[in-house]
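Chains as they are written, first to last, in our numbering: chain S, 1 to 85; chain D, 1 to 560.
To be clear, the hints were calculated from the coordinates, so they are not data collected in a lab.
Please read these numbers as outputs of a predicted model, since none were measured by experiment.
From the three backbone atoms N, C-alpha and C, an ideal C-beta is built for every residue, glycine too.
Possibly wrong hints are sitting among the right ones.
The following label-pair restraints were derived from C-beta to C-beta distances [unchecked claim]: (1) S:Q9 with D:E104: 32 to 38 Å; (2) D:G95 with S:V63: 35 to 41 Å; (3) S:A79 with D:K271: 28 to 34 Å; (4) D:G378 with S:N58: 52 to 58 Å; (5) D:P170 with S:D83: 23 to 29 Å; (6) D:P31 with S:R57: 33 to 39 Å; (7) S:D83 with D:G269: 57 to 63 Å; (8) S:N58 with D:G405: 50 to 56 Å; (9) S:Q9 with D:E210: 48 to 54 Å; (10) S:N58 with D:A125: 32 to 38 Å.
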Amino acid sequence: MAQRRVTVQSEVGLHARPAALFVEAAAKGGSEVTVAKGDGAPVSAKSILAVMSLDVRNGDEIVITADGQDAEALLDRLAEIADAG
Amino acid sequence: MPQTLKGAGVSPGAGYGPAKRLVREIPDPDPDAGHGGDPAAEAERAVGAMEETARDLTDRGEAAGGDAAEVLNAQALMARDPALADDVRKRVEEGASAARAVSEAMAVYRRMLAGAGDYLAARVADLDDVRDRIVARLMGAPVPGIPESDAPFVLVAEDLAPADTAALDPERVVAFVTREGGPTSHTAILARALGLPAVVACPGAETVAEETMVLVDGATGEVALDPDAAAVEAATAASAARAAAAARSTGPGRTADGHAVPLLANIGGPKDLPAALENGAEGVGLYRTEFLFLDRADAPGHDEQVAAYRAVLEAFPGGRVVVRTLDAGADKPLEFLPAGEPEPNPALGERGLRMMRRLPRTLDAQLSALAEAGRDTGAYLQVMAPMVTDVADAEWFAAAAAKTGIQHAGVMIEVPAAALRARHIADHVDFFSIGTNDLTQYTCAADRETAGLGRFQDPWQPAVLDLVAASAASAADAGRSCGVCGEAAADPLLACVLAGLGVTSLSMGAPALPLVRAALARAELAQCRAAAEAARAARSPEAARAAAAERLPGLAELGL
Numbered sequence: 001m002a003q004r005r006v007t008v009q010s011e012v013g014l015h016a017r018p019a020a021l022f023v024e025a026a027a028k029g030g031s032e033v034t035v036a037k038g039d040g041a042p043v044s045a046k047s048i049l050a051v052m053s054l055d056v057r058n059g060d061e062i063v064i065t066a067d068g069q070d071a072e073a074l075l076d077r078l079a080e081i082a083d084a085g
Numbered sequence: 001m002p003q004t005l006k007g008a009g010v011s012p013g014a015g016y017g018p019a020k021r022l023v024r025e026i027p028d029p030d031p032d033a034g035h036g037g038d039p040a041a042e043a044e045r046a047v048g049a050m051e052e053t054a055r056d057l058t059d060r061g062e063a064a065g066g067d068a069a070e071v072l073n074a075q076a077l078m079a080r081d082p083a084l085a086d087d088v089r090k091r092v093e094e095g096a097s098a099a100r101a102v103s104e105a106m107a108v109y110r111r112m113l114a115g116a117g118d119y120l121a122a123r124v125a126d127l128d129d130v131r132d133r134i135v136a137r138l139m140g141a142p143v144p145g146i147p148e149s150d151a152p153f154v155l156v157a158e159d160l161a162p163a164d165t166a167a168l169d170p171e172r173v174v175a176f177v178t179r180e181g182g183p184t185s186h187t188a189i190l191a192r193a194l195g196l197p198a199v200v201a202c203p204g205a206e207t208v209a210e211e212t213m214v215l216v217d218g219a220t221g222e223v224a225l226d227p228d229a230a231a232v233e234a235a236t237a238a239s240a241a242r243a244a245a246a247a248r249s250t251g252p253g254r255t256a257d258g259h260a261v262p263l264l265a266n267i268g269g270p271k272d273l274p275a276a277l278e279n280g281a282e283g284v285g286l287y288r289t290e291f292l293f294l295d296r297a298d299a300p301g302h303d304e305q306v307a308a309y310r311a312v313l314e315a316f317p318g319g320r321v322v323v324r325t326l327d328a329g330a331d332k333p334l335e336f337l338p339a340g341e342p343e344p345n346p347a348l349g350e351r352g353l354r355m356m357r358r359l360p361r362t363l364d365a366q367l368s369a370l371a372e373a374g375r376d377t378g379a380y381l382q383v384m385a386p387m388v389t390d391v392a393d394a395e396w397f398a399a400a401a402a403k404t405g406i407q408h409a410g411v412m413i414e415v416p417a418a419a420l421r422a423r424h425i426a427d428h429v430d431f432f433s434i435g436t437n438d439l440t441q442y443t444c445a446a447d448r449e450t451a452g453l454g455r456f457q458d459p460w461q462p463a464v465l466d467l468v469a470a471s472a473a474s475a476a477d478a479g480r481s482c483g484v485c486g487e488a489a490a491d492p493l494l495a496c497v498l499a500g501l502g503v504t505s506l507s508m509g510a511p512a513l514p515l516v517r518a519a520l521a522r523a524e525l526a527q528c529r530a531a532a533e534a535a536r537a538a539r540s541p542e543a544a545r546a547a548a549a550e551r552l553p554g555l556a557e558l559g560l
């Protein structure tokens, strides 16, 4: 199991376009992926409704967790999306 | 025998196509609705509808491109959300019908998103739209909003609001039919702007079934359901003949016997100039200047204003350009002006000149910019104030205009008090321009925005015609001009009546110009006067229209 802590730099947080990109990328990986806001409860990173409901805003810290072979590569990609200004 | 409905024709032309209804909401799935007893099959049905909706949204996104594609793509992700699908399956398992399960599962997320405040409000609306689409698919009901179709259709609605029509693709709609509304309602204004036939205030429109073939005559107000081929052909031919006659009409506006009635365009900024010139406008009869002032934190500077006015003046060398000074009010607030007290009824509040009298510096700055733009261009600049009520208003505005070097100051006649006392107001200003939309609203005490008052939102109301006649007569006695710049001028039959009442110029949305020009060319001034007299003698808008049509036989070849 791999895990990553990222501070969200996207101006609109994990809403709108970044949320869609994030969820699409998560769905492409075969692994189980979750995302949590800070130390909150994790939700499926493949669910746009769950991700938006976290209400992650610019400057919030998120914790992304993935399982499986491609876990590291997937986390890189997800962190990159959350990090994009 | 095909059934025919009758409403008010507000935008001439014939339109034929399948009816599609504008639905605002879909019925809430029954809370107790269960399914037939096979949860696996029902869950499959629910998830299938979600996936089909997602694919439909993706296709639409690809077709739309740009920002719309992003929104639609995000909506597709919502429709095929795996967590949502799991929740829906669970609810079906517990006995809920597919539609109910989708509705309840999405309500959970809706509450979470709505809880995040304004920030996510747009996403809540997107989510509601997705829910409606999936539930409509499961219930076999039409999807709310402007109907989506690849083929042209007749849009049938209770009434149309600006929000409904923002998403409207004019290429796909051949005509409008609404049960409510009147000649100055949003539907009518939009239809004329788009050149689409429209019938409003049409009882029975709510009974027209989806996909019924409908023939709409926007001149007579007739809506034929499942008409025979001959009727469709006749109406289409008449409409084509009318379009051809309109296209043939060129040159300045004049009656058949040569009485000049200049035809001018209503514009909202330099962006509207190409359409005005294409349709042969002889000048501008109403230049709405609000566009310069809306949606900005600071007032437009002198040079910016001069440039915007000059752009329009230069388009009509030697022609007339009538500019209306800033028309703001509680319903149209401006960010850079101090907010006034909230008003219970903005239509009767501090708007137009009333507001400028409180903010004279804003008005002076606009008048100075206009004077400068007028000095170095060849157009004949006239400047008028909106919402003038009495002699004191007219005197005040004329003095303000003179002080900044404006040579021709006038007033809009839209308040009945001003129309009734036009003879006194004429002593102080150069010209009148009658705003028939507001004049009708105030004469009949019927808010233009209120659906269901269509009967009163009609400039054919004989009381309105009386006030137009009084204003035009007072102007003539004082040697002043008196134009009309409301929707009334865009109605070809009424345009002839207005000329007969003594109105000296007509200003309208550019697409209406050719047909009005063609109508005037088919009527002699004496016939226009007889039509005006007959209309004023009538006791209802319908009778006034019929009486006028009878005295203008030349318009019959236009199908009017």
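Hint-by-hint comparison with the structure:
Taking the beta carbon of each, Q9 of chain S and E104 of chain D are about 36 Å apart, inside 32 to 38 Å as hinted. At about 37 Å, the beta-carbon gap between G95 of chain D and V63 of chain S stays in the expected band of 35 to 41 Å. Taken as a hint, the range 28 to 34 Å is violated for the pair A79 of chain S and K271 of chain D, whose Cβ atoms sit roughly 45 Å apart. Between G378 of chain D and N58 of chain S the CB atoms are about 55 Å apart, so this pair conforms to the stated range of 52 to 58 Å.
For the hinted restraint 23 to 29 Å between P170 of chain D and D83 of chain S, the CB-CB distance of approximately 43 Å leaves it violated. Take P31 of chain D and R57 of chain S: their Cβ atoms lie about 35 Å apart, and the range 33 to 39 Å holds. Between D83 of chain S and G269 of chain D the C-beta distance comes to about 42 Å, which lies outside the given range of 57 to 63 Å. In this structure the supplied range 50 to 56 Å holds for N58 of chain S paired with G405 of chain D, their Cβ-Cβ distance being about 52 Å.
The supplied range of 48 to 54 Å is met by Q9 of chain S and E210 of chain D, whose beta-carbon atoms lie about 49 Å from each other. Checked against the given bound of 32 to 38 Å, the beta carbons of N58 of chain S and A125 of chain D, roughly 22 Å apart, lie outside it.
Checked against the numbered hints listed earlier, the structure breaks hints 3, 5, 7 and 10; every other hint is satisfied.
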